[in-house]
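Number of protein chains: 2
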Amino acid sequence: MSETAVPLPAPVFDPARVRSAVEERLTTFLDAKAQLAAAQGFPAEVTDVLQDLILGDGKRIRPVLCVAGWRAAGGCGDEGPVLRVAASLEMFHAFALVHDDVMDRSATRRGRPSAHEAIAARHVGRPDAARLGMDAAVLLGDLALAWSDELFHAARLGPDQLAAATAVLDGMRTELMYGQYLDLLATGRPSADVDAALRIARFKSAKYTVERPLQLGAVLAGADVGVRTALSAFGLPLGEAFQLRDDLLGAFGDPSETGKPAAEDLREGKHTALLARALRRATGTERDLLTGYSQGVPPGPAEVVRIRAVLEGTGARAEVEVMIEERRRQALRVLEEAGLPPAAGAILRAAASTLIGPAR
Amino acid sequence: MSETAVPLPAPVFDPARVRSAVEERLTTFLDAKAQLAAAQGFPAEVTDVLQDLILGDGKRIRPVLCVAGWRAAGGCGDEGPVLRVAASLEMFHAFALVHDDVMDRSATRRGRPSAHEAIAARHVGRPDAARLGMDAAVLLGDLALAWSDELFHAARLGPDQLAAATAVLDGMRTELMYGQYLDLLATGRPSADVDAALRIARFKSAKYTVERPLQLGAVLAGADVGVRTALSAFGLPLGEAFQLRDDLLGAFGDPSETGKPAAEDLREGKHTALLARALRRATGTERDLLTGYSQGVPPGPAEVVRIRAVLEGTGARAEVEVMIEERRRQALRVLEEAGLPPAAGAILRAAASTLIGPAR
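Protein chains in written order, with this note's numbering: chain A, 2 to 361; chain B, 2 to 361.
Hint data in this document are derived by calculation from the structure and do not stem from the laboratory. Keep in mind the model is a prediction, meaning the values are calculated, not measured. Cβ atoms here follow ideal geometry from the backbone N, Cα and C, with glycine treated the same way. Please note that a few of the clues may not be correct.
Stated by the list, open to error - Pairwise CB distance ranges (calculated): (1) A:T29 to B:D49: 41 to 47 Å; (2) A:P128 to B:A303: 20 to 26 Å; (3) A:L56 to B:A108: 37 to 43 Å; (4) B:A193 to A:L37: 25 to 31 Å; (5) B:T29 to A:A130: 43 to 49 Å; (6) A:P128 to B:T109: 24 to 30 Å; (7) A:L56 to B:L37: 32 to 38 Å; (8) B:A40 to A:P128: 46 to 52 Å; (9) A:A130 to B:D49: 32 to 38 Å; (10) B:A193 to A:G159: 43 to 49 Å; (11) A:G223 to B:A122: 46 to 52 Å.
Said to hold, decoys possible - To spell it out: a stretch of chain A is covered by chain B in this simulated footprint if at least three of its residues, at any positions, have a beta carbon under 8 Å from a beta carbon of chain B; those stretches are: (12) 134–148; (13) 341–353.
Stated by the list, open to error - Chain B side only, calculated, beta carbon under 7 Å to chain A, not exhaustive: (14) D32; (15) D101; (16) M104; (17) A137; (18) D143; (19) L144; (20) A147; (21) T167; (22) M178; (23) G189; (24) S192; (25) D289.
Construct all of the structure, not just a fragment, from the sequences and the given hints.
Structure follows, in structure tokens:
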């Protein structure tokens, strides 16, 4: 009905606007799925639990970075397709969280019961409720993965965009799964090998959370190889810094802020760079304390306090802060040297602050 | 380099040729993934286990039906795209099997150790080998699901074909997951409700295994609504018959033929039409026997023999045979009445025999 066909310039990049636009799309999508389930007589708990998980909270890091990559590569005009692709990334992330919590037997996520706990709670009268929750959460994650595809297809990309975008997505998914696989293999047997820990972080987090979302947005804007290379050179160190920050939060963070149980990485025996650094300098007694959980007995609250003291006392915490700042500087240097469009610098600098906090 | 540009007619539909063409594509794909993993230093067990599962054995039912649907709808000329899509269905099926075995704690598949058992066996020295196997198999299934997409994208469908095919695929995936979810909820608490059992069978098997693969092939040939409706009318009863046959094999089959442990459905307390039929006529003692596993104690070999006797004695086995024949006739009637192309009849009749055996 509109008579004005003049294309509007893309509005200023505003992460809050991206978040609300993505949440709106996810809300609409999940409402439609809930209605479909009701019409078919499928159990409502599937979409109920996903709605609670996805719409309840979440920083929408990957959608924001996807749109940032699109803008940084000169994307303008109709934001519809890039927002749909961004929403599909958030649905994919829901898949990753649900299965991650199953594998880690993690009781909470974003401050609420994790998906398997939420499902088990709905069947509390059944003797097999706990197992049912775990098994059903595997299916719930599978559904979120399939639905992330459905959201992606809804973007109706043209053939060239589609080929470029699926190449990025295919790479992202494979990297994440292998990163998680490396993480699984290393869990319960952390070592002083910092490089091994960084390698896990690179695949399960840096590429998945930062590099690939930026690239995905960029290829939707038709970015050339130069821009994509610059975004990788910026995104990888920033992504590593993000995971290192997450390691610190995992060890020292307050559950009311992280949404996860206190010191869960330590309880699970995750091979993080933080722990690897500490193991390099730990005494025999300290080493036993840091790796005690690998004997099958997770540390209690009092031991967690002592472990934290070792992470401080060995200098590991301070060293990881230094590693974060090194990576921040490396990422920001790329913005000065890579010859990205001037507007891109401001967008990506803001993204860096959001991910790892302001520079010290 | 070829100077002959005359399009060749599609060769006669030959399921064995479809199987080998699909296996060739899957072999090439998995070899490339194994090489990529080696180059990146990722653990080889991921592709090793998938190769054993996918290339070792398998009837390739869904790929064969996909190509059958394409031919039945008049598909001719270049078979490349439909074979790639068919291969992606088989990779998707590998995902479904891996996660199904995790959820059922099933030790074997296709006569070999299931994926989680195969992974656990590779880490037999670790105290957490069993849990690692289960968790890693969740990831392995995730990877197979993501890789099924990669194979699908490799078909490089045009925009119209792509939109039609993704609509079918999206539906198939959602139906399967909900079917599996219904199955999970009913496991350990079977009842005399035959309709409920058939409903589970429809979603987790009839639509997924028969209707949707046929439709997927058909839309790749540009099938109109009439052809698609006829394929549904043919595929749904045939798919139900396939699941009923599978229920009989699950209860009475020889593990050397089924590739699964003896009477696994009974041990797991699956709510099948066979069991529902038996519960309708069972005496109190028989009923206790049939549902004893829901008390948490799976039946031993001697009890399995007694349970089988009850399934015979109540007439449930014979009734399910009748249900299969009713559905076969219903499917074949569609072929006579639906006005499909003449060649389609022969193809689909052959598919029916392959799925549920020759008519009695």
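Taking the Cβ atom of A193 (chain B) and the Cβ atom of L37 (chain A), is their distance within the range 25 to 31 Å? holds (29 Å)
Lying within 43 to 49 Å: is that true of the beta-carbon distance T29 (chain B) to A130 (chain A)? holds (44 Å)
If I claimed the Cβ atoms of L56 (chain A) and A108 (chain B) lie 37 to 43 Å apart, would that claim hold in this structure? For L56 (chain A) and A108 (chain B) the Cβ distance comes to about 39 Å; the hint holds.
Residues of the stretch 341–353 of chain A with Cβ under 8 Å from chain B, three needed, outcome: Since three or more residues must qualify, the claim that chain B covers the stretch 341–353 of chain A is violated, with 0 doing so at under 8 Å.
Let me know if the C-beta of M104 (chain B) comes in closer than 7 Å to any C-beta of chain A, holds or violated. With Cβ-Cβ at 4 Å, under 7 Å, it holds.
Taking the Cβ atom of P128 (chain A) and the Cβ atom of T109 (chain B), is their distance within the range 24 to 30 Å? holds (26 Å)
Using Cβ atoms only, decide whether D289 (chain B) comes closer than 7 Å to chain A, and label the hint accordingly. violated (17 Å)
Does D101 (chain B) meet its interface restraint, that is, does its C-beta lie within less than 7 Å of any C-beta in chain A? Constraint on D101 (chain B) not satisfied, violated at 10 Å.
Would you check whether G189 (chain B) satisfies its interface hint, that is, whether its CB is within less than 7 Å of any CB in chain A? holds (6 Å)
At a threshold of 7 Å, is the proposed contact between T167 (chain B) and chain A supported by beta-carbon distances? With Cβ-Cβ at 5 Å, under 7 Å, it holds.
Does the CB of M178 (chain B) sit less than 7 Å away from some CB of chain A? holds (4 Å)
Report holds or violated for the interface hint on A137 (chain B), using the least CB-CB distance to chain A and a cut-off of 7 Å. holds (6 Å)
When each numbered hint is compared with the structure, violations occur for hints 10, 13, 14, 15, 24 and 25.
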